[in-house]
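A.B. asks: Residue strings, one per chain:
2 protein chains.
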Amino acid sequence: MPSRPEADDPRLGDVSEGRILQAILTRTAPAAHTLVGPGDDAAVIATPSGSVVATTDTLVHGPDFRLAWSSGYDLGWKAAAVNLADVAAMGARPTALLVALAVPRDLRLSFVERLADGFREACAALAPGCAVVGGDLTVSDVLTIAVTALGDLEGRAPVTRDGARPGDVVAVAGELGNAAHGLAVLFGRFRDGDAPVPVDVAKLAAGESAALAAQLRPSPPIGLGAVAATAGATAMMDISDGLALDARRMAAASGVTIALDRAALGTDPERAIAGGEDHALLATFPEGVLPPGFRVIGRVIPSADEDLLCDGLPVDISGWDPYRDWDSVSG
Amino acid sequence: MPSRPEADDPRLGDVSEGRILQAILTRTAPAAHTLVGPGDDAAVIATPSGSVVATTDTLVHGPDFRLAWSSGYDLGWKAAAVNLADVAAMGARPTALLVALAVPRDLRLSFVERLADGFREACAALAPGCAVVGGDLTVSDVLTIAVTALGDLEGRAPVTRDGARPGDVVAVAGELGNAAHGLAVLFGRFRDGDAPVPVDVAKLAAGESAALAAQLRPSPPIGLGAVAATAGATAMMDISDGLALDARRMAAASGVTIALDRAALGTDPERAIAGGEDHALLATFPEGVLPPGFRVIGRVIPSADEDLLCDGLPVDISGWDPYRDWDSVSG
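Residue numbers (the numbering used here), protein chains in the order written: chain A, 1 to 331; chain B, 332 to 662.
Heads up, a few of these hints could be off.
What follows is a list of derived Cβ distance ranges for each label pair [as the list claims (entries may be wrong)]: (1) B:Val532 <-> A:Glu306: 36 to 44 Å; (2) B:Pro369 <-> A:Arg11: 36 to 44 Å; (3) A:Arg105 <-> B:Ser634: 44 to 52 Å; (4) A:Arg295 <-> B:Ala526: 55 to 63 Å; (5) A:Pro286 <-> B:Gly586: 33 to 41 Å; (6) B:Arg350 <-> A:Leu313: 24 to 32 Å; (7) B:Ala526 <-> A:Ser303: 54 to 62 Å; (8) B:Ala456 <-> A:Ala29: 37 to 45 Å; (9) B:Phe518 <-> A:Pro314: 56 to 64 Å; (10) B:Arg350 <-> A:Glu306: 36 to 44 Å; (11) A:Ala32 <-> B:Ala544: 42 to 50 Å.
Here chain B is said to cover these stretches of chain A; the calculated rule only asks that three of the stretch's residues, wherever they fall, bring their Cβ under 8 Å from a Cβ of chain B [stated by the list, open to error]: (12) 33-43; (13) 47-56; (14) 115-125; (15) 140-150; (16) 245-252; (17) 265-278.
Since the hints were derived computationally from the structure, they do not count as laboratory data. Cβ atoms here follow ideal geometry from the backbone N, Cα and C, with glycine treated the same way.
Let the hints inform the model, and build the full structure from the sequences given.
C.D. replies: Here it is in structure tokens:
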């Protein structure tokens, strides 16, 4: 980020709420479906299909991110992307975001400006027509970004995670394991003792820049959620906690077993199975159906002793929570 | 709250996410409009009128509440009520809440259970048919409750804050100043030095119990939002930051002056004008229109030098932020 003179970049505790809101609102474009936008008690968003899809997900400083690694722009982008992915995973098109920010008083105004830029540009890139339509601003010692995303099903039925049937193909759209690779680079190479230190791009090997981008500014294939629903997906969810854990959840909800084909999981199948935070779309389709952007990674079979198999064997990976044992530092 | 054996009331850091979610979900009733509820990537809520009203508001430990004064039940109730009031203030009927909780690891499970009880009972009492349809659970050193409320306009136009016209009457539904009275009791009588101490109900004078309830478990007249819209309210908002500040906002948005009648403001007009957090509904109606539950407190006049007058004189009160200079303690 370019640095600014301190006088031009005050700490949030030294400026009015109105000044902070102005900085945000001048940076967030209107959403296509907005009937009433920011400035009143609530936003009003058109829902032509007669229903609204709604989800919420929060990023908390410490458990979810480090300021040495993530810029305000990165955090705005990621907070948007992870919520957009949940809307897409229902087969819906995202229409609007509400952003509840709890900010420390000593945070700089420029950080909030870049956060708003990240929200705007993530929406423009991943879900055109969607934008921030409302929010809340409060003070906290812990920077917390709670986002609610709304979406429209455009007349389609929602695609839940409990509809997978034996004989369906199991497919994914988006990356598997790249975000985990990025996090491994951060944890492995950009720390001084336990403290995170900023990334030196000159030290990145081939492929590591893309892995870091997948971790810090993920670009899940949001538009493919509606495509999958239209094509007849029987079940769908986004992969936030890793393929192993999330495919198990889908299998359990559907009362089936999911049998993965290891050869279809790319050059690093272990990481593809275990690594979370890519927010790829995991979907099942009837035999013979596979919309563009999806690739087959397995089959749905009748319920067996295990919810999840890979090449016919049980998968010994429980999921993904890399920060769980590492929250004493909050840099 | 009844105390439980520690083995039966574990700290959140010692139990699984699934266990915590189960405790919450068994306590939250289904919402009338829910098509897909908790357990998938997102909720789906019916919006028969073709639009959805959406708002978000956050309670943060420290700036917004003290655990010595507020139980889990109180916080669930209040977090629901303040968001429901924003939906009502648009003239809409609340349909659903999404709750993003960020919880310290040493918080007890029973606290979260009572929080869920508070959400459920506030919805049942204030907005029947509305309930928690989704949420998010994450870890933070600072207890943070970020709520998004959705609502349906049932075919009505939204009532924004910019529609007040000269000649309209200014009216309110709900309490003015009681929540501030309650907070004054807490700050004035239930502290040991700077540290908050639990309320001893035996020490409360007549009227103080009601004032504390207004502060800790506010009951704004949610149903009257739709009533006001149907009756033809020209502008409406909820009073979160005090009548002085919020009436000024309405006057400025509408390009008019609001002239209050001091005699209509009850037995403590100063507190009624300055005190925030009652979440009463402030609305303007054409002359001759006044729906049940509203009382006239003034008139809309053409824009004058001042946005707000009381008995013809300027109002020298800027608003409401009682915790602003008192956040060193977080009990």
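A.B. asks: Each of the hints needs a verdict: does it hold here or not?
C.D. replies: Hints and how they fare:
no.: 1; hint: B:Val532 <-> A:Glu306: 36 to 44 Å; verdict: violated, 56 Å
no.: 2; hint: B:Pro369 <-> A:Arg11: 36 to 44 Å; verdict: holds, 39 Å
no.: 3; hint: A:Arg105 <-> B:Ser634: 44 to 52 Å; verdict: violated, 36 Å
no.: 4; hint: A:Arg295 <-> B:Ala526: 55 to 63 Å; verdict: holds, 59 Å
no.: 5; hint: A:Pro286 <-> B:Gly586: 33 to 41 Å; verdict: violated, 59 Å
no.: 6; hint: B:Arg350 <-> A:Leu313: 24 to 32 Å; verdict: holds, 30 Å
no.: 7; hint: B:Ala526 <-> A:Ser303: 54 to 62 Å; verdict: holds, 56 Å
no.: 8; hint: B:Ala456 <-> A:Ala29: 37 to 45 Å; verdict: holds, 39 Å
no.: 9; hint: B:Phe518 <-> A:Pro314: 56 to 64 Å; verdict: holds, 59 Å
no.: 10; hint: B:Arg350 <-> A:Glu306: 36 to 44 Å; verdict: violated, 23 Å
no.: 11; hint: A:Ala32 <-> B:Ala544: 42 to 50 Å; verdict: holds, 43 Å
no.: 12; hint: 33-43; verdict: holds (count 7)
no.: 13; hint: 47-56; verdict: holds (count 9)
no.: 14; hint: 115-125; verdict: violated (count 0)
no.: 15; hint: 140-150; verdict: holds (count 8)
no.: 16; hint: 245-252; verdict: violated (count 0)
no.: 17; hint: 265-278; verdict: violated (count 0)
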